[in-house]
Amino acid sequence: MIYADNAATTKLDIDAFEEMKPYMIEEYGNASQPYFFSKTPKTALRQARKDIADCIGADPDEIYFTSGGSESDNWAIKRQTTISSDIRCIITSNIEHHAVLRSVESEKKYNHARVFYLSSNENGLINPEDLRNLLEHLREGVSFREPVLVSVMMVNNEIGTIQPIAELAEITKKYGAIFHTDAVQAVGHIPTDVKRLGVSMLSASAHKFNGPKGIGFLYSVEGLDNLIDGGKQEKGHRAGTENIAAIVGMAAALKKNCIQIEKNMRHIKNIENVLLDRLYRSSLDFKRNGTNHLPGNISLSFLDADGEMLMHRLDLKRICVSTGAACDSVNTQVSHVIKAIGLPDRYAKGTIRISLGKNNTEEEALMIADAIIDILKEVGSL
Amino acid sequence: METLCKYCGKTLSKDWIGLNKKLISKDIKKFACIDCLADDFDCTVDDLEIKIEEFKEEGCTLFL
Numbered sequence: 516m517i518y519a520d521n522a523a524t525t526k527l528d529i530d531a532f533e534e535m536k537p538y539m540i541e542e543y544g545n546a547s548q549p550y551f552f553s554k555t556p557k558t559a560l561r562q563a564r565k566d567i568a569d570c571i572g573a574d575p576d577e578i579y580f581t582s583g584g585s586e587s588d589n590w591a592i593k594r595q596t597t598i599s600s601d602i603r604c605i606i607t608s609n610i611e612h613h614a615v616l617r618s619v620e621s622e623k624k625y626n627h628a629r630v631f632y633l634s635s636n637e638n639g640l641i642n643p644e645d646l647r648n649l650l651e652h653l654r655e656g657v658s659f660r661e662p663v664l665v666s667v668m669m670v671n672n673e674i675g676t677i678q679p680i681a682e683l684a685e686i687t688k689k690y691g692a693i694f695h696t697d698a699v700q701a702v703g704h705i706p707t708d709v710k711r712l713g714v715s716m717l718s719a720s721a722h723k724f725n726g727p728k729g730i731g732f733l734y735s736v737e738g739l740d741n742l743i744d745g746g747k748q749e750k751g752h753r754a755g756t757e758n759i760a761a762i763v764g765m766a767a768a769l770k771k772n773c774i775q776i777e778k779n780m781r782h783i784k785n786i787e788n789v790l791l792d793r794l795y796r797s798s799l800d801f802k803r804n805g806t807n808h809l810p811g812n813i814s815l816s817f818l819d820a821d822g823e824m825l826m827h828r829l830d831l832k833r834i835c836v837s838t839g840a841a842c843d844s845v846n847t848q849v850s851h852v853i854k855a856i857g858l859p860d861r862y863a864k865g866t867i868r869i870s871l872g873k874n875n876t877e878e879e880a881l882m883i884a885d886a887i888i889d890i891l892k893e894v895g896s897l
Numbered sequence: 058m059e060t061l062c063k064y065c066g067k068t069l070s071k072d073w074i075g076l077n078k079k080l081i082s083k084d085i086k087k088f089a090c091i092d093c094l095a096d097d098f099d100c101t102v103d104d105l106e107i108k109i110e111e112f113k114e115e116g117c118t119l120f121l
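Line by line, the protein sequences give chains A and B. For the first sequence, counting from 1, position 382 maps to 897 in this note's numbering; every step adds exactly one. For the second sequence, counting from 1, position 17 maps to 74 in this note's numbering; every step adds exactly one.
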């Protein structure tokens, strides 16, 4: 089996798993209890929060554990105290993950938020000048006093484009607004320092960086409203007994990936080049979507091909990739990101995403490329 | 529409025709039975039967 869908999820790092095990079997005490048996989990919780904070240049007090990226995004958008009044603006982009887009839509529907969408260019990049112009327009207009939240993802999950987050955050700050970034695809894969980026909030998910599923975090320097009422966990904002094993696993996986980040990036970039080189040498007509890519995130659109067919055929060869277009037997539904970058239909329908990770090899990259070439040549010759 | 396997002449079911369309092209006019398709794709018949079930669960109208 060749797993090349690391943007969807990653293999749990074995060292992270080993660190988790004691908290599943022996050290199962509730970290909120005052007796001796809870000391080890309590210490582990504190250390994990510190390790995670160190990895992203934050203070431990600014890290809130969540169930993952979607919860972090929902919390940042729906429960941010500075802007939780009924009258407010949310600025986001048209290529965000659905966890952001649907949270924003929900705020519009239930809390009367005014929503503005920044359009990406043909490479999936958000132009900082568009944000500046919009904020300027809002400042000049009647909505001057409305609190504004800007949410733009750090790396696009479908096409891998890395956004100019520092620039966007700086502009946002100048206008007194709050900047959130969904960094689920970035954290643990490219250097991510919240202070250098200048973001107020950042979402991350452990299973995207070789940690366990069902755990993530939200970095926030802003006030947060309660997400879950109950106990005192997460400063009383998100009640519920902590999943120490998962939190420890997340911290271990992130720490390891951050220590090896340059090495991993070089390795992944190398195998990405091997795969692309093999495809470019074939006679296939295709485009690579996006620009300024996250290493390993390869969105390809093949002329007059069927992305869903290609994904299923690769699956039969035990190669796991994603598609950017799915067929409902009558029409091919192209993803909102592929639509947003304005790819011609003849290419858009033939879109797949290959996302390589640190465990992939050059040999696997060549096997993926050869399998794609074989399938598309066979179908094209019929 | 051709209702016999282009390789072995076996009578084709609707599911098999749907599978050909889904895994090769919606535009093809000649189809293979599930055994010949498995040979073509170098996979097992079980693999293809699982695919049929998945497509049905997704509500793909080619399999209704």
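Hints may contain errors.
[Unchecked claim] Label pairs and their calculated CB-CB ranges: (1) A/Gly746 / B/Glu115: 39 to 49 Å; (2) B/Lys63 / A/Asp800: 22 to 32 Å; (3) B/Asp92 / A/Asn874: 30 to 40 Å; (4) A/Gln562 / B/Asp97: 50 to 60 Å; (5) A/Phe552 / B/Glu110: 44 to 54 Å; (6) A/Ser797 / B/Lys87: 32 to 42 Å; (7) B/Lys86 / A/Arg629: 51 to 61 Å; (8) B/Lys71 / A/Ala523: 24 to 34 Å; (9) B/Lys83 / A/Lys892: 38 to 48 Å; (10) A/Asn636 / B/Lys83: 27 to 37 Å; (11) B/Lys86 / A/Ala523: 11 to 21 Å; (12) A/Ile743 / B/Ile85: 50 to 60 Å; (13) A/Arg629 / B/Ile85: 18 to 28 Å.
[To be verified] Below, in silico cross-link-like pairs of lysine-lysine (DSS-like), each with a Cα-Cα straight-line distance of 30 Å or less: (14) A/Lys565 / A/Lys747; (15) A/Lys832 / B/Lys113; (16) B/Lys83 / A/Lys892; (17) A/Lys778 / A/Lys802; (18) B/Lys63 / A/Lys784; (19) B/Lys67 / A/Lys624; (20) B/Lys63 / A/Lys832; (21) A/Lys770 / A/Lys565; (22) A/Lys770 / A/Lys750; (23) B/Lys71 / B/Lys87; (24) A/Lys892 / A/Lys832; (25) B/Lys67 / A/Lys802; (26) A/Lys892 / B/Lys87; (27) A/Lys854 / B/Lys78; (28) A/Lys854 / B/Lys83; (29) B/Lys83 / A/Lys832; (30) A/Lys778 / A/Lys750; (31) A/Lys770 / B/Lys78; (32) A/Lys557 / A/Lys832; (33) B/Lys71 / A/Lys892; (34) A/Lys832 / B/Lys87; (35) B/Lys113 / A/Lys854; (36) B/Lys86 / A/Lys892; (37) A/Lys784 / B/Lys87; (38) A/Lys802 / B/Lys78; (39) A/Lys892 / B/Lys67; (40) A/Lys784 / B/Lys113.
Simulated from the structure, these hints should not be mistaken for laboratory data. Note that the Cβ used here is the ideal one computed from N, Cα and C, for glycine as well.
(request) State the violated hints by number, sorted upward, taking the hints as numbered earlier in the document. (result) The structure breaks hints 6, 9, 11, 13, 18, 19, 25, 30, 31, 32, 37 and 40; every other hint is satisfied.
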